[in-house]
Structures are given as structure tokens and as C-alpha cells.
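Kindly generate the complete structure, drawing on both the sequences and the hints.
Line by line, the protein sequences are chains A and B.
Heads up: the first sequence begins at 1 in the working numbering, then just goes up one per residue.
Heads up: the second sequence begins at 1001 in the working numbering, then just goes up one per residue.
In case anyone wonders, no lab produced these hints; they're calculated from the structure.
Among the hints, a few may not be true.
Claimed, not checked - Within a straight-line C-alpha distance of at most 25 Å, the following computed DSS-like cross-link-like pairs (lysine-lysine) qualify:
#, chain 1, residue 1, chain 2, residue 2
1, B, Lys1504, A, Lys51
2, B, Lys1371, B, Lys1509
3, A, Lys83, B, Lys1244
4, B, Lys1236, A, Lys83
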Amino acid sequence: MTKAVPLPVDPRGPLPARQGFATFDEPASRFLVDAEGNPDFPAIQQTEEFKLLRRRVVRFVFPMTALFLVWYMTYVLLSAYAKDFMSQRVFGVVNVGLVLGLLQFVSTVLIMLGYSRYAARALDPQVDVVRELAGADEEQR
Amino acid sequence: MESIGNQGLNLSIFAVFVAVTLYVVYRVSNRNVTQSDYYTAGSSFTGRQNGMALSGDFLSAASFLGITGGIAVNGYDGFLYSIGWVVAWLIGLLLIAEGLRNTGRFTVGDVLAFRMRQRPVRAAAANSTLVISFFYMVAQMAGAGGLVALLLDVQTKGGQAVVITVVGVIMVLYVLFGGMKGTTWVQIIKAVLLLLCVVLMSIFLLGKFGFSVSALLDSGSQNSPLGDAVLDPGAKYGLDETSKLDFVSLALALVLGIASLPHVLMRFYTVPNAREARRSVVWATWLMVAFYLCTLVIGFGAMALVGSRTIARAPGGENSAAPLLAFEIGGTVLLGVVCAVAFSTILAVVAGLTLTASASFAHDVYANVIKRGNADPRSEVRVARQTAVVIGVLSIGGGIAANGQNVASLVALALALAASSNLSTILYSLFWRRFNTQGTLWAIYGGLVSCLVLIIFSPVVSGSRTSIFPDADFQWFPLNNPGIVSIPLSFLLGYVGTLLAREKADPDKQAEMEVRALTGLGSGLAQH
Chain A
1 MTKAVPLPVD PRGPLPARQG FATFDEPASR FLVDAEGNPD FPAIQQTEEF
51 KLLRRRVVRF VFPMTALFLV WYMTYVLLSA YAKDFMSQRV FGVVNVGLVL
101 GLLQFVSTVL IMLGYSRYAA RALDPQVDVV RELAGADEEQ R
Chain B
1001 MESIGNQGLN LSIFAVFVAV TLYVVYRVSN RNVTQSDYYT AGSSFTGRQN
1051 GMALSGDFLS AASFLGITGG IAVNGYDGFL YSIGWVVAWL IGLLLIAEGL
1101 RNTGRFTVGD VLAFRMRQRP VRAAAANSTL VISFFYMVAQ MAGAGGLVAL
1151 LLDVQTKGGQ AVVITVVGVI MVLYVLFGGM KGTTWVQIIK AVLLLLCVVL
1201 MSIFLLGKFG FSVSALLDSG SQNSPLGDAV LDPGAKYGLD ETSKLDFVSL
1251 ALALVLGIAS LPHVLMRFYT VPNAREARRS VVWATWLMVA FYLCTLVIGF
1301 GAMALVGSRT IARAPGGENS AAPLLAFEIG GTVLLGVVCA VAFSTILAVV
1351 AGLTLTASAS FAHDVYANVI KRGNADPRSE VRVARQTAVV IGVLSIGGGI
1401 AANGQNVASL VALALALAAS SNLSTILYSL FWRRFNTQGT LWAIYGGLVS
1451 CLVLIIFSPV VSGSRTSIFP DADFQWFPLN NPGIVSIPLS FLLGYVGTLL
1501 AREKADPDKQ AEMEVRALTG LGSGLAQH
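Here's what the structure looks like:
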């Protein structure tokens, strides 16, 4: 009943041969892998490609988290300690507190969409670049 | 008060739902032999399916019955729950989902122990998972008892205990036969039904008030003993400085707790890779936004059409707002449907919790602490199944004992516990290079124990009319929810514990975890 999705593949499987130079005597050492063919994590961590990916992740998620937490706590603190302000009517019997509360829904959706876009444009392609350093995903291309 | 509706109809709609879901569970899960099948459905769900299941996990009795009831009685102050539980998904989306999927396999312990000493950290992670899940489960079971009082006209405590037992037995059946795949399908079916139910009710209600939110709120406030004040902040939490601080503490636990709940975290393992995990949170967020907007309409609708006084006096108290409203607008049939959906919600959520707790015991404690990582997978699954039965029995007992307690506040305590022990440790181990074993242990145990101690000495347990032990008084901590103290404390202890440790973080393991968390390299997961 579940839709077919790619099953996990073992990256330790045989590395694909490239035309010309990959032989048994010469393992695919152009990738950042150790003797058993596992990714060489400390080496990957030091590459510019990975550092760029990490910077892009950190630069988005932490400021954005700080932003929505501050905005949410502002709303909570106003509700608790600025009752008169929050009780002002905006239209009909709808007051400032309710409008700000509904804006929390709006901001959540906006941040979610923003992150999805950012991840698809700036993170996922860079993930693919880093993965190629270790020769992952070759079989699927 | 007389019971409402037709018990025979309620029971038969409920029985049909249970029969259908048990059949689905049986059909989808004829092979639950490996750990991966049993714990995480072989990671075979798509982001959309898992997003629905995630929202299903999250739409518990507390959020459907508790929040609509809270709004119907307390107005604005009840709405805080809705907002907190929507905003909370951003924590899961931005900080947790993808890193967790890439670094773990089955449990929270997998992630926390990744670059630490295995046995103490896994034991700590399992302890916190078991405590959090137990609190959450007792809340759900207690909710089942209260609901039954209203729906099936079972008024005696003995009769309610029988019903709680039946709920417990069915949930254990889901878990034993269905594993994660069966449980996930039950969640998906339930989430769709519940969402349809609240959306249709909300559209109907809005239509009744000429699609004017203002008119709805206005006629709600005219039917509330609080009058216009019910639309303003402070109806429930505005009494004095202590209750205001309690409100802030609750708000913090809500926003930080959701994405730290073990059974929500485990859901991220049922999808094949990090991108599907991200997609599942996006789906869940959309569904939650729709659902919690509807709770506002339904809560004020119940206030307008049923009246706060009638709701507060009904057998299930605040929790009965949604069923009473259903009876008011749709008669016996709609009441029966809402009842069946509410019951199924409780069933599905406790099944997910049981699975999480049993997985944590079998995978972290049995396989990695007792057997030191040399357990045979089949015996691990057997232990998980046995644990599920034990947890089922325990939670039936706990549910019977806590029957009649305020469900939403019990859930808020579980959220405070989750945020106090899991959030700090997951974030530190994913993003802070120096974080080490001692820091992990201090953060988990410090957060968990401080939170538990503050709960025990809070007004929830003793010293007030609504306490679990109303006749005893050993309360000295003034707040109902300890989140504002225990969550920062857990972050602080993790920091201090790390700096004071003699044993430094393992740089190779740290490199592996960081690269793996961001790229999925080495996790064996294809990213496309």
C-alpha cells in the first residue's frame, strides 16, 4: 500500500568504474574514502564544499529560529502582561490579541515555505556536491 | 446531567472503526520480522504519508477535546495551546527532522549516543523516553475514561475502568500485530477522518454566523459567564503574578516540547531520507495550521451554541465541548461520528506511544546496554513485543488511577519533560562540536529529574482542590508547569557538564556525525 520510494542503498557497495583508469590495482581513491571505501569524514569535514554547506545551514536556521521564538514569546508576554493593549478592538469584537495570534499562524507558514525554498535552492544542491566528494549516489545517475 | 445521544449507535460506529483499522493493520503487516520492519516500517513511507501520520500522532485527545474545550470555557487563554502547537513545528522543521533522520535508525538513543559512550547515554535516553511516554500515555488513558462517561453513559468509576482496560487491550493489539506500519496506517486513517470532521464542522459553524468571525465570537461571549472578558487575555491565567508566570512557562513548554517528544521523533525514521523527512514536516505543518484554525471556530461555536456553563457541568467537563457541539448541530449521528473519531484518536496515539517506548527499551536497553550490541535482531523484536504488553498493562493502571484529571495539563507536563531532557541534548549533539558524554548525561538527567521534582511539589500533585491528591499538601513550587525552570536548566547543565568533563569529545566521531547529519553520507540512505 505504500508508494514505492527508493530504498536505502549501501554506500559501501562497489564503487562504479569510470572509463579508462579505474582498475583493481588502483582503487577509486579520487573519492574522499578510507581503505574500506567508507566516507573519510574528517577529510570531508575540512573541505570547502562541506564548510559552505554548513555555513548555509547555520546561517539560515539559527537566525530564523531566534526570530520566530522572539516573535512567539513577544506574543505570549504581551498576552500575560499587556492585557489592555491586547484587548483593544480592531474590527467587530476581534481584538489585537486575536489578530496577533492569527499572525503567528501566518508567520509559521511563511517561515516554513521560506525554508523549503531555501533548502531546495541552496542546501540540496550543495548536499549533492559534498556527496559526490565521497562518491555517493553514483549508481543512481 | 442526562447522557446524550444513542449509546448503541455510538458503540456500533466505534466498533466499525476498530474492526476496519484492525483489518488494515492485519493486511499491511504480515511481515514484521526485522527491527526495521517493526520499529520504522522499513522506512518505506513517503513524506506526505508520514506528514499525515505525524499530524495524527499529534492530534491526540488532548488537542482535539482538550483544546476545543479550553477555548469553549476560557476563550482567548485556551487559544494559546493552538498557537504554541503550530509554531512548535518550526523547531522540528528547521533544527531536528533532517539531522535526526540522517544520524539515527530507530530511537532517540541512536542519535544521542552516536558520538558518546554508548551504554550510559543509551540508558539515559531510554529512561527519559520511558518517563515522557508514560506521562503522555497516562494523560491519553485518563482522557478515554472521561470521554466514556459522556459518550457511553458509563458513570461509575468501575465501569470507566473497564473501558480504559478495553482501550488498552486494543492498542496493544495494534502494536503487536501491526508494528510501525500498522500503527502508521491507523494514524493516517484517523488523521484524515479527524481533519474532515473538524473542517466540515467549522465550515458549517461559520456558515451559521454568516461567515463572520466577529459574529461568532460575539455570540460566543454573550453565552459565557465571563461575558466580553472571554475574548481578552487573562480569563484563566490573568489572576495574579504567579498565574501569569505559569502562562509563560506553559507557552515555553508547548513550543519547545512537541518536537522533542520521543514518539514524534521516531516518526522521522519511517521515511527513507532527510528530504522526505523535511517534506513530512511541511505536510504536518499545513495540516496543523488548518486543524488549529478550526479549533478556534469549534471552541467559540461550542461556547455560542452549547454554552460554557453547560460544558463545564457535563460529565466529561471541558473535554466534552466538541461532542456536545456535534450533538447540537448534527444530532445523534454526528455525535456518534465525533465520538468514534475521538476514541480512535486515543487508541492510535497510545499505540504509537507504546511502540516508541517498547522500541526504546528493546533497542537501547536490551540490545545495547544488556547485550552490549550483540543481540540477535529477532530476539530484539521479541523483547520489544513483550515490553509493549508490559507498558500496556502499566498504562492501563496509570490511566485508571489518573481518571478524571485534566488531560491537557497532564500532556503539558509530558511536553515540559520532553523539552527538558531531549531538546538540549539533540541540539547540542547535532550542532556543538565540543559536546561530550558527561554533558549529555548532565543535560538528560538534570532536565528530567529537576522537571519531575518540580512537578511532584507543584499544585498539580498536592495542595489545591484540583490536585491529584487534594487532601495532602506538600506543595512548595508555585507553578503548574515547570518548563520555565527545567528547560533552561537542562541547557545550562549540558553546557557546564561538557566544559567540566575530563573526557573530551571524540573528534573523528564528531566529524562523522556532523557530515552525516547534513549530507546523509554514511547513513546508507539515498537522498533522491
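Consistency of the hints with the structure:
1. B/Lys1504 - A/Lys51: OK: B/Lys1504 and A/Lys51 at ~23 Å, within 25 Å.
2. B/Lys1371 - B/Lys1509: Holds: B/Lys1371 and B/Lys1509 sit about 23 Å apart, inside 25 Å.
3. A/Lys83 - B/Lys1244: holds (11 Å)
4. B/Lys1236 - A/Lys83: Answer holds: B/Lys1236 to A/Lys83 is near 13 Å, not above 25 Å.
Every hint from the earlier list agrees with this structure, and none is contradicted.
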